[in-house]
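*Asks:* Residue numbers (my numbering), protein chains in the order written: chain X, 1 to 754; chain G, 1 to 157.
Note that these hints are calculated values from the structure, not bench results. All of these numbers come straight from a predicted model, not from anything done at the bench. All C-beta atoms in this analysis are idealised placements derived from N, C-alpha and C, irrespective of residue type, glycine included. Misleading hints may appear alongside valid ones.
Chain X is faced by these chain G residues, among others (derived, beta-carbon under 7 Å) [as the list claims (entries may be wrong)]:
#1 Thr8
#2 Glu79
#3 Ala82
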Amino acid sequence: MSEPVIGQRIRRVEDRPLLTGRGRFAADIDHPGQLHMRIVRSAVAHGHVRAIDAVAAKRLPGVVTVWTGTDVADVPPISFRMMRISGLEPFRQPILAQGIVRYVGEPIAVVFADDPYVAEDAEDLVTADIEPLAPYLDPTLEPPPFAPGLVAEAAVVRKEYGDLAAAFGGGARVLELGLAIARQSGVPIETRGALAHIDSSGVLRFEGAAKVPHQNQRALATMLGLALDRIHLHEGHVGGGFGIRGEIYPEDVLVCLGALRLNRPIKWIEDRREHLIAANQSRGQRHRVRVAFDERGFIRGLDAEFWVEQGGYIRSHGVTVIDLTAAMMPGPYVIPAFRAIGHVRLTNKTPAGTYRAPGRFEGSFVRERAIDAIAAALKLDPIEVRRVNLIGPERMPFKRGLDTLGTEIVYDSGNYPAFMDKALATFRLPDLKRSLAERRASGEMVGLGLGFFVEKSGLGPSDKVKMSLTPDGTIEVVCGSASLGQGIDTVLSQIAAEKLNVPIAAFRVRHGQTDLIDEGLGAYASRVTVMTGSAVSLAAPALAKKICAAAAPLLQRRPDELALVDGRIGQADNPAGPDITLAELARTLAAPLEVEARFESSHMSYPYGLHAAVVRIDAETGAVAIERFFVAYDVGRAVNPTLVEGQLVGGAAQGIGGALYEAFVWDDAGQPLAASFVDYLVPTALEIPPIETLVLEDAPSPINPLGVKGAGEGGISAAGAAIASAVDDALGNPGAITRLPIRPDDVRRHLRGR
Amino acid sequence: MTDKIAVTLRVNARDYRIEVEPRRTLADAIRTDCGLTGTHLGCEHGVCGACTVIVDGHAVRSCLMFAVQAEGSHIRTVEGLADGERLSPVQQAFHDHHALQCGFCTPGFLMLATAILEDNPRIGADDLRHALASNLCRCTGYHNIVIAVQAAAEKMR
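When you get a sec, could you build the whole thing from the sequences and use the hints?
*Replies:* Structure follows, in structure tokens:
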């Protein structure tokens, strides 16, 4: 038996092209004769489109055509990929505005030109006569009409269990909190991009696909009236996802339509301003939460109502974020009675979708603020209050009594109290607390805060992989997942290498190509290692069997006498006996040896973690600096600990951004005020301290063959909660922080009030 | 639109004779006219640094410079870092220390780090972090980038 591969800190197999400038991102692709597409966007947040004048734009040399809403009125609006609940259809977005605009940045016309600079010149020449309507910007206000017979509240999502009336009666202590999280988003450094062309066999080829290529193939085929074999999606290198990228947007449909109607390859690359006003945003929630508890701090009931700024339309996620916010809010605590009511309100802002840990960043902030408030009210240690409420290991698997994303929530494994003790001890938080108290006594404004959370991962229902030994001796793993930069080629290769007993260099992982495999759910919800990884682990033994069967006649042995050892096929019990390499065997094959395997799962797995932050406040400016940040996370089993840590650290950096810096802001007319990197503040190396991580494998998942849980989102989940708590501590004012991000002016207001 | 001007750009020790409008950015000229797509554009307003290249020894934002301004300068891009198959110390350190995830900001960081270390391989930790704060990365949380550049500095001293 050779060395284990799963669990090793193997350097990534996907790095070399990215290090040498040979990446193939969407903007790097060109086709002969291509046209460049440019979107004309609404400058008005809400209004009736009276007229659009494109005459001057069309006259500009190099411009092929300009379309407005009427030119694409036959194309249906963009439908829902997830969480399609009844009644949402009227709120879908058309690919170009149809008589009414609902946010600044909404596509109202599209230019096709032979040069990107000319396309942008032409965009400037298109004028729109839009009669402004009053914008609806505050989702806590009564929703106005959206369309005849409809108000701007698309849905109310309700989740509950237990006897709330009993929990709040019988002498319970009750606290009420009002909390808010600003609009934020993933903001990858690569903007969106899409290319479409018709190949020589008449198939529409879409490049720039990401995240969910197969799902989008089906959706685009339906919208464009194409058979599934007439459209294929292709993923190249992808410059970060974080939720926003890869969903179907108007621009994706327009490049396809351009290629079909103009019979020229079409290329569209978004600019940064467009990205910050047109790509999905997220968060943007206001919460009012009541919590009933007893003298020990045990939560008897939690009753939350929240309002979500959905923006102008319901996009492909349907009500995913609202559903997750409500369902994941109870987190690691028992909470015997619970209710959450989420209002989905269509404000005149950029439409919303998911952003890393959707609903959990928000819900963890709310829940952990409530725990801290209880501790303050009872003058108890917030850690002890958490301990009183944690679900005990004897109750695992734990049925939460709620569902989300169409699955019943069952926490599959975990020992939350033991985990907390381990995290506190490893990070030496009790010592840290003492030293911070000393620093506060000598006048420094420093504080410690923490947040405990449960994540979810590995959304099913299934994933299929094909694994084959190809004629050059390479083992190809084809899956319908996608890479957004997280390192899935490496992770899937590690799993395959260990299960097949073949060196990792023999593998080639292919993903994101709809013409290579007929199904795939893609990369979201921290699902790839769990779902695709499990499918790989099932495919490997089947391929090993086929390989041994093919080698048997060459080695004059029965297949069951043979085994794969370190990439060679030989006798299992006789290392000195005759053997053959994979490459030698491959050369004798008339066709590749191929197997398929599928992993199915009707439940998600639930990793969990703890974030802790040490902050320092500058008393003069109100600025908050993060001195230290800790992430402890039980991932079940880490296929590659370096990559798990990379996910956690990167997530934490985004969490720090969400806690202190990042906010999309609008003025009273609905004009976006954060439409550049000067105004939307992505943290730099100066704002992010070295993140200290503790990756644990104490609670492997019992519901997949590898025991793995997802790592993609646990770095960010409770970052806002932990930092808010730490700022409270530094201010010496429990409950001071009620909204994210915590801006210097908020801190200064509290400093003045001291 | 205006008439094109003939310009010779010297990129990675090779001359590219191109014709560009005066308004064409250096980044677009490198990517489109020279065909060197390793230099990326992340914001086109000089904040993210994905388009960082080295011009006459200085790390610059190629989105904030016009191609015509670069005539006569020596431009270096990510494509010029490796010596054949051998990665430069900075490239190798990024690989060794998992300093990239999606890889989109990576060319800009590699050029920034190369310029910093060529200027001063003994740069102090605080100054290095400050200099690396010139560019944005959304995946890594920066720590592994800092570690990688420190490791490369050791090799380059």
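*Asks:* Starting from the hint list further up, note which numbers the structure goes against and sort them upward.
*Replies:* 1
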